[in-house]
Amino acid sequence: MASAALLTALFVIRFLVGRALKRGEGFPPLVVRRWTASLRNVLILVAIVGLVMIWAPQLRTFALSLTAFAVASVIAMKELIMCFSGSALRTLSRAYSVGDYIEIGGKRGEVMDFNLLVTRLREFEKQDGSFNRTGREVILPHSLLLSSPVRVEGHAGGRVRHVFSMTFEPDANLFAERAAIEEAALAAYAGTAAGHSKRQRGAPAVSRTEDDRPPSITVSVGTSDIGKYRLEIVFYSKPELVGDAERAIASRIGDRVHNLRTAGKVAVRKES
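Just so we're aligned, residue 810 is where the sequence shown starts under this note's numbering, counting upward by one.
Just so you know, these hints were derived from the structure itself, not from any lab. This one's a predicted model, so the numbers in the text were calculated from it and none came from an experiment. Incorrect hints may have been included.
[Unchecked claim] Pairs of lysine-lysine residues, derived as PhoX-like cross-links and limited to a Cα-Cα distance of at most 25 Å, are as follows:
| no. | residue 1 | residue 2 |
| --- | --- | --- |
| 1 | 916 | 935 |
| 2 | 916 | 1047 |
| 3 | 916 | 887 |
| 4 | 1047 | 935 |
[As the list claims (entries may be wrong)] Here are the in silico distance ranges between beta carbons for each label pair:
| no. | residue 1 | residue 2 | range |
| --- | --- | --- | --- |
| 5 | 992 | 889 | 55 to 61 Å |
| 6 | 863 | 826 | 48 to 54 Å |
| 7 | 999 | 885 | 29 to 35 Å |
| 8 | 865 | 925 | 39 to 45 Å |
| 9 | 925 | 813 | 47 to 53 Å |
| 10 | 1060 | 984 | 18 to 24 Å |
| 11 | 902 | 992 | 52 to 58 Å |
| 12 | 996 | 929 | 35 to 41 Å |
| 13 | 960 | 1034 | 25 to 31 Å |
| 14 | 880 | 925 | 23 to 29 Å |
Just so it is clear, CB atoms sit at the ideal spot from N, CA and C, and this is done for glycine as well.
Whenever a hint applies, use it, and build me the whole structure from the sequences.
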């Protein structure tokens, strides 16, 4: 009602003053136009100020509501904004690409696809150094790139460093037989597809020598916390061939250690 009364009064004033100016004698047309324009501008200003004063409580409530909505929107879109920021970080740093083998936030796998929001992985087992697939897919939001480091374990088409260990009872001197065990493991490794695999053409190499690395394997001998012998085996392979190579090497080493233990027991029996 107050707004309608204000506007009505202003329209009446404009009508009356305008009519008086047009009927007034002795006023040049230029002066009439100037007074008419000035009157219109003053009335518009009065209307704006009056409406603001009338609607001030409602405008204050609306402003508070708008502010609350803006804050809620920012909070709700925080994760989305962080995902876009993480995607920009991945693009600028060239952290990884499709086909690479990475670890983010404790999740390891092969990069199958990525977009502006998430990266999709073909998951590997949680065991460190294992490239055996679990058969599951993992969707990781790019917001993790802002809070967790990215570890690139291998590039698409390349070979990766694989480590596994074997534990044996201290029945035979494996320290003295380390070279023989390593030779047996190398023979088993060379006989697998992993031992003959090379980096695919066009794929980035992990190191300068990784491309044409000859079949090689390293066996280290140590002891566990409870005094048992522990063999640590290191070799390079394409991820899809790691499982077969590990089984072949483990079988050959196990057979070698078993023969050493058997030979030691036979020798003890002969001495007795």
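Review point. Which hint numbers doesn't this structure obey?
Key: 6, 7 and 11
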